[in-house]
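Going line by line, the protein sequences match chains A, B, C, D, E and F.
Here the first sequence stands for residues 1 to 198, where the numbers follow our numbering.
Here the second sequence stands for residues 1 to 198, where the numbers follow our numbering.
Here the third sequence stands for residues 1 to 198, where the numbers follow our numbering.
Here the fourth sequence stands for residues 1 to 198, where the numbers follow our numbering.
Here the fifth sequence stands for residues 1 to 198, where the numbers follow our numbering.
Here the sixth sequence stands for residues 1 to 198, where the numbers follow our numbering.
Worth flagging that the hints you see were computed from the coordinates, not collected in a lab.
Hints should not be assumed to be uniformly reliable.
Copies of one chain are not kept apart here, so a pair can be met inside one copy or by any two copies together.
[Said to hold, decoys possible] Computed list of lysine-lysine pairs in DSS-like fashion (alpha-carbon distance at most 25 Å, straight line): (1) Lys-91 <-> Lys-52; (2) Lys-91 <-> Lys-38; (3) Lys-136 <-> Lys-91; (4) Lys-136 <-> Lys-38.
The chain contents come next:
6 protein chains.
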Amino acid sequence: TPESSERTAVPGVSTGLAVTGMGGDVLYIEASLLPGDKGGLSVTGQLGDVMKESAQIALSYVRAHAEELGISPEQLDHPIHLHVPAGAVPKDGPSAGVTMTTALVSLLLGRNVRAEVGMTGEVSLTGRVLPIGGVKQKLLAAQRAGLTEVYLPQRNEPDLDDVPADVLEALTVHIVADVREILSTALEPVSAGLVAAA
Amino acid sequence: TPESSERTAVPGVSTGLAVTGMGGDVLYIEASLLPGDKGGLSVTGQLGDVMKESAQIALSYVRAHAEELGISPEQLDHPIHLHVPAGAVPKDGPSAGVTMTTALVSLLLGRNVRAEVGMTGEVSLTGRVLPIGGVKQKLLAAQRAGLTEVYLPQRNEPDLDDVPADVLEALTVHIVADVREILSTALEPVSAGLVAAA
Amino acid sequence: TPESSERTAVPGVSTGLAVTGMGGDVLYIEASLLPGDKGGLSVTGQLGDVMKESAQIALSYVRAHAEELGISPEQLDHPIHLHVPAGAVPKDGPSAGVTMTTALVSLLLGRNVRAEVGMTGEVSLTGRVLPIGGVKQKLLAAQRAGLTEVYLPQRNEPDLDDVPADVLEALTVHIVADVREILSTALEPVSAGLVAAA
Amino acid sequence: TPESSERTAVPGVSTGLAVTGMGGDVLYIEASLLPGDKGGLSVTGQLGDVMKESAQIALSYVRAHAEELGISPEQLDHPIHLHVPAGAVPKDGPSAGVTMTTALVSLLLGRNVRAEVGMTGEVSLTGRVLPIGGVKQKLLAAQRAGLTEVYLPQRNEPDLDDVPADVLEALTVHIVADVREILSTALEPVSAGLVAAA
Amino acid sequence: TPESSERTAVPGVSTGLAVTGMGGDVLYIEASLLPGDKGGLSVTGQLGDVMKESAQIALSYVRAHAEELGISPEQLDHPIHLHVPAGAVPKDGPSAGVTMTTALVSLLLGRNVRAEVGMTGEVSLTGRVLPIGGVKQKLLAAQRAGLTEVYLPQRNEPDLDDVPADVLEALTVHIVADVREILSTALEPVSAGLVAAA
Amino acid sequence: TPESSERTAVPGVSTGLAVTGMGGDVLYIEASLLPGDKGGLSVTGQLGDVMKESAQIALSYVRAHAEELGISPEQLDHPIHLHVPAGAVPKDGPSAGVTMTTALVSLLLGRNVRAEVGMTGEVSLTGRVLPIGGVKQKLLAAQRAGLTEVYLPQRNEPDLDDVPADVLEALTVHIVADVREILSTALEPVSAGLVAAA
Ligand SMILES: [Ca+2]
Ligand SMILES: [Ca+2]
Ligand SMILES: [Ca+2]
Ligand SMILES: [Ca+2]
Ligand SMILES: [Ca+2]
Ligand SMILES: [Ca+2]
Ligand SMILES: [Ca+2]
Ligand SMILES: [Ca+2]
Ligand SMILES: [Ca+2]
Ligand SMILES: [Ca+2]
Ligand SMILES: [Ca+2]
Ligand SMILES: [Ca+2]
């Protein structure tokens, strides 16, 4: 899809699925590593209390599991800025947890998130993927945006009964219980160029 | 029980008993040790003032009694994140004190909390376990969740009169006056593998 | 008394007298010294503005008079946590000033507060004991709780006229104008064991 | 135009287009580099939450892309003050994002923004230019202020249909999707004097 | 007077004159120097915004004029706590400025404020004494409290017309335009003992 | 004039013109340099949000142009306190910008502001003087206070039409577009004594 391809063309950007007052929508989580020797997280995008906590949980998960994820510890010494456009639209809720976690890992590994992928799910501090609302609306939005793969929490599997058949046809739905299942499959491989340079 | 077994399968997670608008429920306290050389506590999960103070009391108790608990002082130099899913549900009250204390000790000793155990009780700064409300609802929830052992404050012993006989039959109830009584019996022993590696 | 004996069985806990919506009551101030090399005070227990300031005044008094009180300056380099159970009950007012000061000195000298003692009184930054309200209710509560000695501000002496004779009979009332008069008589002597170990 | 010529006669000042209660208007973003060895951003001008976040996003974009923009890293070690006159008028919204980014780059490269240029557009953390409102009013204001070139977000191109022909005649409208397109064309070249001195 | 004699018997305490809901009253400003190597001011006593600023102004005046006042710069490296009993009574207004300045200088020079002295007046950052309200009530309170000398702002001299003759008879009123006039006359001389020890 | 002569008799004090609920008035901005090695600005005088930002803008202007103004950089390493008496009167608005800037430069150069001078005007971060309100009332107040020279923003020149002829007769009005025009003419020359000592 043109839109998500452009948006996720750099490491640190992941595509989420959201419910708004007017149905479902696609949103992009952007993470950026800043120069500076003091770690820390700043968040923008008019995020509410719950969503700010989601960002904190996502970063703690990544920091505590950095070694296992192949992230070099030095990366975590720099400040990180996480932004969710559009900047004037208030946003809240825990369901961008997996998307934030994925954006951070994409950033810190320097590997793009695959453009055809969208995701939704709360993440706990231990990486469990907890259920969210609006599955039907979110899958309709994913299809509308031209995405072809979607990650959903295991405990939301029953909600697929309410999703129209043609939408399910158009999408590959990955059912996940742990955020590792997303992190291991939703990122592009390291590009040949980067490997050669290493 | 499958749910609590999965949730407590890593050190730092403890099972609490809570009262919600719709009866009793089981909640999980997750604690995680982060890289970084500045101690400190961050809490998430939409916790109210009283519950945030409970987390602070639990950490102070653990810090002041680290030696006695067998926790190495270096562990306490790192930041700790304590989270209580689900992230969007506001929670408050002092009765998760024992559960928070147990999650922290589990984390810092690297020993899982036993999966069949649930607990409730306010903790004071000296480790006394103070009484809480909703004993009947909490024990019903513990049984429903498949737990088989529950820790209750001594001053709540009279409340057991109101708990149905079949629930009491299904549960072993430990009556405690000091949080040490929980900490010494609710954690798994160090695994053989870890002992061998030490 | 069993309750206050157990509560004050460690250094850092002092018994105060309070007025609640339902008459007088006994409350316990718990102070704990934490590992860490940056002094400072954290307070918990849902304390209001005035009571938080009381804790700050108590600590300033102790810090400014440490030498005179026999407290080693190194003790004051560590963070102190002061808690007033029960954690969910809002509390306010200046009358726990002497109790907080006594708890801190008990903690820093490693000497228990005597179990039979209760106290009430505002403290100024220079150690003066200023008058408080609710003398009658507080003395009734002290007797009910089995305390046998009570410290009262000098300017509250006239209020003793309103206290029932049998209550006054049961209690030894110490009238004090300076907090030093409490600190020099309300603590247990250093235990033999500690002296031998020194 | 006299006004914008004077205002943008030093590096760090960029001309934005805004919508007020009384139609469109031109506003100036002023950025200044302060002595001091601790980076950081202070903002003044009675900016609302969204506009403060815009400033933060603009600075993060510039910090993360400093090398690519030709900005020496030492420049970013100093504090930056960003002000939007008039000081007593409350302002908000994300549409000054491109203007703030341009003011910062102008400041850090020491190259004036061209006096005949105005701009509007939200910026994302990756530099994408997102659509804004009030295109017609803003272009009317640009013409009234004597500007001759305007930068607009690509996704606002359809809004040009509503702009009077004579206004479009008077203005060169640059349609942009990435803030780099503005940064590479809206600044004055380095002055001969500065080059000689280098 | 017995009360003010006891209260001002240590360096750092100065007697002010205030207006309350029930006429004039005497209040005591207590300042204490704490161990610690980071300067700074903490204030307690339920002070309002204006009165907190007065404390800040008083300290800045003393810091900027330390050399002229004979205060050794090392004294200013320690934290200062300023308290105004009674702790539960809200207080506000700028008229304790001279009293706060005098308490700080008394503390830092180790010289008591003379017990027979009361004072009232706003202080500016340059030490000017600005007019205050309630002169009549304050002088009545001073006399009632047994004080015999009072310092008043020059611009309040006309208000003396309203003060009863017997009150003026009982008091020596010093009219001052600069706080130096108070600082040079309201403190006790250094005691012989201290001089000998120096 | 006696009042302004006394108030501006030390470096760091500048005379501003304000509009109050009861017409125009003269106010004094006092700036003081404090001992200490950490720069920074504290403001007192019950200033509103806009006026606090004015102080921040004034200091940033002075810091960024220190060299050009002849201010030694070491001066800026110390904390600065800026106060606007009377301490209990709430004040707000941007029109004291030039007065604050002048007070800071007077302080840092050690040169008094000329006693016969009053001023009003918003300052932008680049030093531009922006228009303000209440010109007529402010000039009436200046004359009433015995001032003989007044600085006004260029864009307020038309407002002089409304000022009574006798007031204009009594005052020399300087019309300025840049704050440098004030800074270069409103300060006393360095005194002979200081020059000799240098
Ligand atoms: Ca909230
Ligand atoms: Ca791809
Ligand atoms: Ca609360
Ligand atoms: Ca209050
Ligand atoms: Ca005993
Ligand atoms: Ca907002
Ligand atoms: Ca040009
Ligand atoms: Ca106020
Ligand atoms: Ca005397
Ligand atoms: Ca405001
Ligand atoms: Ca002169
Ligand atoms: Ca002129």
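Alpha-carbon proximity between Lys-136 and Lys-91, which holds within one copy, between copies, both or neither at 25 Å: Within one copy only: 19 Å inside, 28 Å across.
Within, between, both or neither: Lys-91, Lys-52 at alpha-carbon 25 Å: Close inside one copy (10 Å) and across copies (17 Å); limit 25 Å.
Within, between, both or neither, where Lys-91 and Lys-38 count as close if Cα-Cα is 25 Å or less: neither (28 Å within a copy, 31 Å between copies)
Within, between, both or neither: Lys-136, Lys-38 at alpha-carbon 25 Å: neither (42 Å within a copy, 44 Å between copies)
Of the numbered hints stated above, those contradicted by the structure are hints 2 and 4, listed in ascending order.
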